[in-house]
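S.K.: Reconstruct the complex from the two isolated chains, following the hints.
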Amino acid sequence: MLFVELIAQGLIQGSIYALIALGLTLVYGLLRILHVAHAAFFTLGGYVGVMVANQTGSLAAAIVAAMIVAGIGGILVFRLCYQPILHQPPFVPLIASIGLYIAAEELFRIIFGPSGLTYGYAFLQGQVVLFGSLRFKLAEIAVMLGSAAIIGVLSLLQTRTRIGVACQATVSDPQMAESFGISLRRVGDINFFVGSALAAFAGVMVSVLNNLVEPTMGSVPSYKALAIIVLGGLGSVRGTLAAALVLGVVESFGTVYLGHFLDRNAIAFAFLILVLMWRPQGLFARSG
Amino acid sequence: MNHKKLAIAVTAAFALQFGAPAWAQVKIGINVPLTGFAAADGKSALDGAKLAVADANAKGGVNGEKIELVIYDDQASPKEAAPAATKLIEKDKVVVGVSGSYSASTRAAAPLFQAAKVPYVVAYSIHPDVTLAGDYVFRTATMGEVQGRAGAKLASDLGKKKVVLITLKNDFGQALATGFKEAAPKFGISIIKEYEYSIPDRQFGALISKVKSDNPELLYASGYYFTAGPLVNQLRAAGVTVPVIGQEGYDSEKFIEIAGAASEGTLVTTSLDRDSPSPVTQAFLKEYRAAYSAGADMVAASTFTATSIAIEGLKKTGGKGGEALKKAIEGGSFNTPIGTLTFNDLHEVKKDIQVQVVKDKAFHRHSVISDPVLLAPPTKAK
Numbered sequence: 057m058l059f060v061e062l063i064a065q066g067l068i069q070g071s072i073y074a075l076i077a078l079g080l081t082l083v084y085g086l087l088r089i090l091h092v093a094h095a096a097f098f099t100l101g102g103y104v105g106v107m108v109a110n111q112t113g114s115l116a117a118a119i120v121a122a123m124i125v126a127g128i129g130g131i132l133v134f135r136l137c138y139q140p141i142l143h144q145p146p147f148v149p150l151i152a153s154i155g156l157y158i159a160a161e162e163l164f165r166i167i168f169g170p171s172g173l174t175y176g177y178a179f180l181q182g183q184v185v186l187f188g189s190l191r192f193k194l195a196e197i198a199v200m201l202g203s204a205a206i207i208g209v210l211s212l213l214q215t216r217t218r219i220g221v222a223c224q225a226t227v228s229d230p231q232m233a234e235s236f237g238i239s240l241r242r243v244g245d246i247n248f249f250v251g252s253a254l255a256a257f258a259g260v261m262v263s264v265l266n267n268l269v270e271p272t273m274g275s276v277p278s279y280k281a282l283a284i285i286v287l288g289g290l291g292s293v294r295g296t297l298a299a300a301l302v303l304g305v306v307e308s309f310g311t312v313y314l315g316h317f318l319d320r321n322a323i324a325f326a327f328l329i330l331v332l333m334w335r336p337q338g339l340f341a342r343s344g
Numbered sequence: 014m015n016h017k018k019l020a021i022a023v024t025a026a027f028a029l030q031f032g033a034p035a036w037a038q039v040k041i042g043i044n045v046p047l048t049g050f051a052a053a054d055g056k057s058a059l060d061g062a063k064l065a066v067a068d069a070n071a072k073g074g075v076n077g078e079k080i081e082l083v084i085y086d087d088q089a090s091p092k093e094a095a096p097a098a099t100k101l102i103e104k105d106k107v108v109v110g111v112s113g114s115y116s117a118s119t120r121a122a123a124p125l126f127q128a129a130k131v132p133y134v135v136a137y138s139i140h141p142d143v144t145l146a147g148d149y150v151f152r153t154a155t156m157g158e159v160q161g162r163a164g165a166k167l168a169s170d171l172g173k174k175k176v177v178l179i180t181l182k183n184d185f186g187q188a189l190a191t192g193f194k195e196a197a198p199k200f201g202i203s204i205i206k207e208y209e210y211s212i213p214d215r216q217f218g219a220l221i222s223k224v225k226s227d228n229p230e231l232l233y234a235s236g237y238y239f240t241a242g243p244l245v246n247q248l249r250a251a252g253v254t255v256p257v258i259g260q261e262g263y264d265s266e267k268f269i270e271i272a273g274a275a276s277e278g279t280l281v282t283t284s285l286d287r288d289s290p291s292p293v294t295q296a297f298l299k300e301y302r303a304a305y306s307a308g309a310d311m312v313a314a315s316t317f318t319a320t321s322i323a324i325e326g327l328k329k330t331g332g333k334g335g336e337a338l339k340k341a342i343e344g345g346s347f348n349t350p351i352g353t354l355t356f357n358d359l360h361e362v363k364k365d366i367q368v369q370v371v372k373d374k375a376f377h378r379h380s381v382i383s384d385p386v387l388l389a390p391p392t393k394a395k
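Going line by line, the protein sequences match chains A and B.
Note that my numbering numbers the first sequence so that position 282 is 338, with each residue one more than the last.
Note that my numbering numbers the second sequence so that position 203 is 216, with each residue one more than the last.
Next up, chain B with everything else stripped away, as it sits in the complex (with noise of 0.2 Å):
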């Protein structure tokens, strides 16, 4: 390279580093698994987060001031999630960061966000460990253990006491597990067997025989559309027909088009009612499918909130982040896609969950689960 060359090399070199903030943005970063087992679901998430972004600039943006979503692929796993934290922390400078990721690396990440004060909004992350992290760590979602509790809420209701658990060995099946098995004494529902899957199983044929032989009136299978479709047509194919309940991860169009006809009565305990007359969610499910010409699935629905809140906290902060961010979140009340939502000294939402049911090869309202007692999240005394 001659002297020129590099001369003009380095005058550019600068200018990108230092030429980008003459017009400042708001930066507001995101964990996304989108490569990877989890992919689908970083895309949906990402789908989600890019929505409310475009939403907040058409309108205006930040204190007149354009939001930038920053991006980085975390491959829902710790290693990748730590650094992309770092990264959006020390170099991009984000005000506030979302996770559109899975539990295993937001919990990762989510220390990092505290150690630096800057306000980490959890879309549905399902770990208990996520809001321990500290006071600058928020969740949107349900937490695993309240969702399964909520689990075995609806089989009682159903009027189902013997119940086979079909367990998905990560912290999401598990989180699910301990809060059906916490809650099923009290609904006097007796958990007959309990069986373990791992992630990329896809073929459930054993597992299926040994289930027919136990004869339960109830399934309580944890899984994602992906685990899920497979599990559930396969049941339905070797003859099983007593309901299947499953959780947020089978909340995905994608699931009834892997089941089929199986999945027709499937129930999922989740946070979006797509059968909700709320204008909100509504109007996010509209614009979704206008903007992505797909239907809008829980991550996305979920993603979108946990972005929307990082932004309406910083309009009420004129675009500060810190502590002052921190506050504005604690003490708002967000309208969103997927209720109204208010944080509790842990920073966990309380909020009713939603039962779809699979009707028409499409999720419907079946009912919805309000107990205060039963869905209470942890808070800081426990």
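The following block holds chain A by itself, in its conformation from the complex (with noise of 0.2 Å):
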């Protein structure tokens, strides 16, 4: 039973770990740009929300505010951080984008205080308990559900609209994308808008199971989302969903099994190192 149990929570993990890397994978797809500051958009998702759930009373105004806000916010940054040093190296970008990632953790600082929020309401406290022994918290079950429903509509969208037919040409080939008439901007729009979208539903998930959002929440999904992506392949939306579920379930084991001599927060790195030794071009994609 504790190996079902531990394989639950690696999903769990796991699965939280796919919503916040899906966008940077999205983003790194498109501009070839290690999206570091991503994780600003999980924090300003848990901010949101526990502001708006706190306000209103609701738990579903809070998870739509917090992904419209940190959707725009993701447009923001691309347009006004981004696009303006495109043509620059990629290291450019980078350094960018980690300091913007410690300018927000500090923003968040100055302007919510360093003591983190809590809910002001139980949401999703309850328990589900399933084949007799198996106890979940609602939220638990509830980040599972999400994320699997909003992973599902998004490959739909992906593949039957028109947009998500562009936004797929533009990936594999932007300048050929251009020349029939896709707009790189608009492209670069939804893909910050979603995969930022994705972080905020992240962090008000979590902040919902650990009734605590504080300013350092993303620090630790900043590098392992980007852990993820290389693992699953740089780009690769499938690799990325199926290394984040990897990563949770060995994750589960490793701070149980392996805690006294691995950080559990290592486990992703140790993890890839091996994988890049065997598998360079990553853990699900082709080679070549």
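Hint data in this document are derived by calculation from the structure and do not stem from the laboratory.
Heads up, a few of these hints could be off.
[What the hints assert, rightly or not] Here's a subset of chain B near chain A, in silico, CB distances under 7 Å, partners left out:
#	residue
1	A53
2	K56
3	T99
4	T191
5	E209
6	L220
7	S226
8	P243
9	G252
10	A304
11	Y305
12	E343
13	F347
14	S383
15	V386
Every residue, glycine too, gets a C-beta built ideally from N, C-alpha and C.
M.R.: Structure below.
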């Protein structure tokens, strides 16, 4: 039973990672930028969520507000921060991104105080008992089902709508896509909006799980999500999903059985090194 | 810039440089983590220190001179704390230093104060190396090992023998676990398992599944309120109902806020007894609430205490620092919000451990652990 429980916990954690890493993959696929500041939208989601929830008493309103605010924030970062420096060598946007993340973290601290905010209502704190002895918080079930639903809808949109196809075309060959009349800027807006909104959804769910929103809550996801997209084969959406879930499960077992030797947050990188030695193109990417 | 502007700028610079000492002030330096992961504790610490200074200034300061608190952010990191200490000593020329920070940074700053012969009063860092830096360093906190031993005594007082440790992987958590493990055999406590986690962790689902299968009678979990809040919340949600013993790091109203209803019944070993009859403690709690409209926590009380001890010492020496101040602190007995404190030859304090329990959304007195042998702080001899 412990085995099943650890797998389940790993999948819950993995779906949170997936939500965060997806946005990163979308941005990388399009612009070839390692968007470290992406984790700031995870934190922003947490803050918008907790404030809206405490004002309105509605978690649904909180999630929608967090996703919209973060999505718009994502577009602003694309337009104001990345677009002007896209022609520079890759390390320039990377440094800009790291700087942006640090500034965002300090801004959250200055605006909302260092000690974090908590929910005034007990959302999704009820428990579900499955198969006799597996106990989950409602929030844990919600994060898994929510991620699955969102990712499913997105993949439908990506293959069934014109704009979805345009996005895919842009990722595989930006110049060709542009010559077919696809606006790079519009595709960029969409990718940043969707990616940041997903991170914000993850931020709300994690803050409900922990009942805590803090300025530093994005610091671990900021670099762990980078490891995940590398594992998934940079820019591959399916690879990122699989890598996130696998990492969640590996961490779940690692925390329990390797905790003395290896920090939980180091597992991602130990795993990354191993995988890259064996498959330098990433765990799930086709070689070449 | 033309010459006139330049002349004005130079004059202004000189005025700033040499004009300030015209109204002499007694300077107390403090290093606190105001940014980074420990910023919340840093704020509490600074609030505590400022209150102590404001109190003293309201009563006329030291020798009729106002006390000025010189503040540096050390981000709870040794690489920030060392330059901060150097600036306090060399540039600001403080007569005494206070640490309102964690062990890692305090350990880096302590040898610098020692080398400069500037007394350094440490509020709540618990690592043994802090006072080993030398005889100018004082500590008002109970060392981690001692608190860990008290935790074992508390477990035994509760009649629990099978314990699982959940240890925070830093100086604080490891010192506590060492003390607990050292004392456990004396009380017939068996430690079934020990798990470790690191400071950014907030999600303990996997660990809790394993703890459930270990089926302990009690959990001894080290952490700070921002790790312990989610931990206790998730433990209770997963159906783990056994008592949880925490420590000073839990001692914040924020812990109760984060863990919510799950926090009820959590026990913490700490230095602040909110139900203490001592007028000094009650006056501090009242003043703190009036000043900051929040309840004081252990960090605030400890840093208030460390700062007050520095001020009391200065009053005795008439504002002089150095060896005179060191001797004044060494020989003094200080009535503080965390008890009456005297320092031993290693400049550690000997005091009872307060056990607080969360009841009706607030910390209250559970018991007091008073065992001079078990709680003996280390001395120079060992």
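S.K.: Is the interface hint for B/S226 satisfied, with its Cβ closer than 7 Å to some Cβ of chain A?
M.R.: holds (5 Å)
S.K.: If you take the shortest Cβ to Cβ gap from B/G252 to chain A, is it below 7 Å?
M.R.: Where the cut-off is 7 Å and the nearest Cβ of chain A is about 5 Å from B/G252, the hint holds.
S.K.: Just to be careful: measuring from the Cβ of B/P243 to every Cβ in chain A, is the smallest value less than 7 Å?
M.R.: holds (4 Å)
S.K.: With chain A as the partner, please determine if B/A304 meets the hint condition of a C-beta pair closer than 7 Å.
M.R.: Violated. Min distance 16 Å.
S.K.: Less than 7 Å between beta-carbons is the criterion; does B/V386 satisfy it with respect to chain A?
M.R.: violated (31 Å)
S.K.: B/L220 was flagged as interface toward chain A. Is the shortest Cβ-Cβ separation under 7 Å?
M.R.: holds (6 Å)
S.K.: Tell me if the interface restraint on B/F347 is satisfied: Cβ within less than 7 Å of some Cβ in chain A.
M.R.: violated (29 Å)
S.K.: Is the interface hint satisfied for B/K56? The criterion is a beta-carbon contact with chain A at less than 7 Å.
M.R.: holds (5 Å)
S.K.: Holds or violated: is there a CB of chain A closer than 7 Å to the CB of B/A53?
M.R.: With a closest approach of 4 Å, the B/A53 hint holds.
S.K.: Under 7 Å, Cβ to Cβ, is where B/Y305 needs to be relative to chain A, so tell me if that hint holds or is violated.
M.R.: violated (12 Å)
S.K.: A closest beta-carbon separation below 7 Å is what the hint needs, so does B/T99 meet it against chain A?
M.R.: Violated - the Cβ of B/T99 stays beyond 7 Å from chain A, reaching only about 24 Å at its closest.
S.K.: For the hint on B/E209, does the least C-beta distance to chain A fall short of 7 Å?
M.R.: Holds: closest Cβ of chain A sits about 5 Å from B/E209, inside 7 Å.
Hint check: violations occur at hints 3, 4, 10, 11, 12, 13, 14 and 15; the rest are consistent with the structure.
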